[in-house]
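Participant: Next come the chains, spelled out residue by residue.
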Amino acid sequence: MKKTLILLAASAALAFGGEQFSMSDADRAMYAEMLESNPAEMFVAGGADLLEEHCGGDAGLAKFLDVSEEKLPEYIAGFPRYVKKLEGVVALDQVLQALMAQNKQKPFALKSAEMFAMSAYAKSIANDVEINIDVTANAPMKKAYALGKEVYETKRGGRGLACLSCHSSDVIGSILRTQPLPDLGDAESNSGGTWPAYRMTKSSLTTIQKRFQGCMQNALLAVIPLGSEEMVALEVYITNLGKGNAIAIPGLKR
Amino acid sequence: MNKILTLAITAAAVLTNTFAADVRSAIESPDAKKILKKDYLGPAKKYTMPAGCISNDPDAIARGKFIFHNLNGGAAEGHFPKGLAKKLPNGEVKQYGNCVACHNIEDAQGGGNIGPDLTNYKAYFMDTNTRDNAWVYQKIADPRIDNENTHMTINLTTGLFTETEICEMTSYIVSEKK
Numbered sequence: 003m004k005k006t007l008i009l010l011a012a013s014a015a016l017a018f019g020g021e022q023f024s025m026s027d028a029d030r031a032m033y034a035e036m037l038e039s040n041p042a043e044m045f046v047a048g049g050a051d052l053l054e055e056h057c058g059g060d061a062g063l064a065k066f067l068d069v070s071e072e073k074l075p076e077y078i079a080g081f082p083r084y085v086k087k088l089e090g091v092v093a094l095d096q097v098l099q100a101l102m103a104q105n106k107q108k109p110f111a112l113k114s115a116e117m118f119a120m121s122a123y124a125k126s127i128a129n130d131v132e133i134n135i136d137v138t139a140n141a142p143m144k145k146a147y148a149l150g151k152e153v154y155e156t157k158r159g160g161r162g163l164a165c166l167s168c169h170s171s172d173v174i175g176s177i178l179r180t181q182p183l184p185d186l187g188d189a190e191s192n193s194g195g196t197w198p199a200y201r202m203t204k205s206s207l208t209t210i211q212k213r214f215q216g217c218m219q220n221a222l223l224a225v226i227p228l229g230s231e232e233m234v235a236l237e238v239y240i241t242n243l244g245k246g247n248a249i250a251i252p253g254l255k256r
Numbered sequence: 168m169n170k171i172l173t174l175a176i177t178a179a180a181v182l183t184n185t186f187a188a189d190v191r192s193a194i195e196s197p198d199a200k201k202i203l204k205k206d207y208l209g210p211a212k213k214y215t216m217p218a219g220c221i222s223n224d225p226d227a228i229a230r231g232k233f234i235f236h237n238l239n240g241g242a243a244e245g246h247f248p249k250g251l252a253k254k255l256p257n258g259e260v261k262q263y264g265n266c267v268a269c270h271n272i273e274d275a276q277g278g279g280n281i282g283p284d285l286t287n288y289k290a291y292f293m294d295t296n297t298r299d300n301a302w303v304y305q306k307i308a309d310p311r312i313d314n315e316n317t318h319m320t321i322n323l324t325t326g327l328f329t330e331t332e333i334c335e336m337t338s339y340i341v342s343e344k345k
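Top line first, the protein sequences correspond to chains D and G. Going by the working numbering, the letters in the first sequence line up with residues 3 to 256, in that order. Going by the working numbering, the letters in the second sequence line up with residues 168 to 345, in that order.
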C-alpha cells in the first residue's frame, strides 16, 4: 500500500517533469521498477551482517550510544548529533568507526563500500521515524549548525557558486541544464531522510556526504573530504531543513 | 587507604580519558579549512570594459558562442572555433561557461531557466537602451556588483576566464543572431 503510494507520488512528479528533462521513458520505467525493489536493499541487508559482525548488531550500537535498544530508532533519527564520549558532533558513520575501534578492529574508511552499507543499515534502524535533529540542543550543535550554514551559503570555486546558488527557495523547481532543482528539505527529496541512497546514474549505494561532493565537483567548488568538520556541519544543516520528514533508507535517486 | 582510593580514581579517570582519545582518534575527521580558505572568493569587483572589447568579428563571436554553450574542453560539442584552446597552458582541460545551464538563448540545447532568457537580447535589451555593453560585461565578469545575492556565476574575479573571453561572450550576447 505504502509502496504504491510512493510510486504514485513519484510518477506524478516525473510526469510533471515532461519531455525536456533528462529522464527518458526508459529511465522512468527503470525508476518505477527500482521503486518496487530498490537494488540497494541488498546492500542494506549486507550492512546488517557487517554491523552484527563488527559492532555487536543493534544491541552493540545501542550500548555504545548509551541508549536502550527500544530508544535506538528515535536516537538515530537525531543524527548528526553531539556525542559526549566522542567529544563532538558526529555523523552516524563516524560513530561506527569509533565503535569498531573500541572493538579493537580497524574501522572501515568513510568512503568504503562496507561503510556505506553498514551505515545505511544503521540509519535504517530509524526507518519511519521522523527526523528529530535538534540544532539548538547544546553549544556544539549550535556551532555545527552555524558552520554548516556558512559553508552552504559562501560562494567559492571556479564559478563563484555556493550551495545556496542552486538550492535556495527562490530557484527551487527552476531548470538547470535539463535538471529541475530539488527542494532539499521537502518530503519528496527528503535529503535528510533518504541517504544513504541508491543512485541510478552511479549504479551504487552512496552517502549524503558523497552526494555533496558530487555537487561540489559539478559546480567547480573544491571538494572537501568526508568526515571533515565542515562536511558534518553541512549534513547537520541539510538534515535540519527536512526535520519532521520520515526516514526511509535506502533512498532511490536519479 | 585514602591514598589507594585516590590512586584508583585517578587510574579510572586516566583509563576513561585514553579510551575517549583512542576511540575519538579512530574517527576520520580530516581538515577542510585549508581547502576552503584557498577556494573562497575575494569581494565583488568593479571592472572597466577594455577598449575594443565589443567586436563584430565573426570569429570572436563564434568563440563567445562556443564558451556560452559548452561546459569543458573534453566534452565540448559542436564546431570548434578558430583561436580557442581546448587545454589551459598548464595542460588541464579548459572549462567553458556552461551558461546554457541557466539561460535560454538562440540555438540552446537543454537551456535552463534559473537566469533570464537571453533570446532576442539585442532587440529587447540593447536596441531599447535597457542595457549597454559595459553593463553586460560587468554582469558576466562579476554579477555581485549589480546584485549582491545573485545566483549567477562569477567569471572574471574567479579567474576562470580572461578579459578577452568575457569580451567575446559579451559580443556574442549583444550581437544580432541569424
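Treat the hints as calculated values from the structure; they're not laboratory data. Each residue gets a CB set at the ideal place from its N, CA and C atoms; glycine is no exception. Errors might be hidden in some of the hints.
[To be verified] 30 Å max Cα-Cα, derived DSSO-like pairs, lysine-lysine: (1) 204/G <-> 345/G; (2) 204/D <-> 253/G; (3) 151/D <-> 204/G; (4) 344/G <-> 113/D; (5) 200/G <-> 204/D; (6) 87/D <-> 106/D; (7) 289/G <-> 201/G.
[To be verified] Computed from the model, here is a short list of chain D residues facing chain G with C-beta under 8 Å: (8) 104; (9) 163; (10) 174; (11) 202.
Participant: Confirm or reject each hint.
Facilitator: Right, here's what the structure says about each hint:
Annotation: proposed proximity of residue 204/G to residue 345/G is violated, straight-line Cα distance about 45 Å (limit 30 Å). Distance check on the hinted pair: residue 204/D and residue 253/G sit about 27 Å apart at the alpha-carbon level, within 30 Å; holds. A threshold of 30 Å between alpha carbons decides the hint, and for residue 151/D with residue 204/G the separation of about 16 Å falls inside it, so the pair holds. In summary, the hint linking residue 344/G to residue 113/D is not supported, as the alpha carbons are separated by about 49 Å, beyond the 30 Å threshold.
In summary, the hint linking residue 200/G to residue 204/D is supported, as the alpha carbons are separated by about 29 Å, within the 30 Å threshold. Restraint check for residue 87/D and residue 106/D: the C-alpha separation of about 17 Å stays at or below 30 Å, so the hint holds. Between residue 289/G and residue 201/G the alpha-carbon distance is near 44 Å, which puts this suggested pair outside the 30 Å criterion. The closest approach between the C-beta of residue 104/D and any C-beta of chain G is roughly 5 Å, which is under the 8 Å cut-off, so the hint is satisfied.
With 8 Å as the threshold, the beta carbon of residue 163/D comes within range of chain G, its nearest partner Cβ sitting at about 6 Å, so the hint holds. For residue 174/D, the suggested interface contact is broken, since its CB lies about 10 Å from the closest CB of chain G, more than 8 Å. With a cut of 8 Å, the hint placing residue 202/D at the interface with chain G is violated, because the nearest CB-to-CB distance is about 19 Å.
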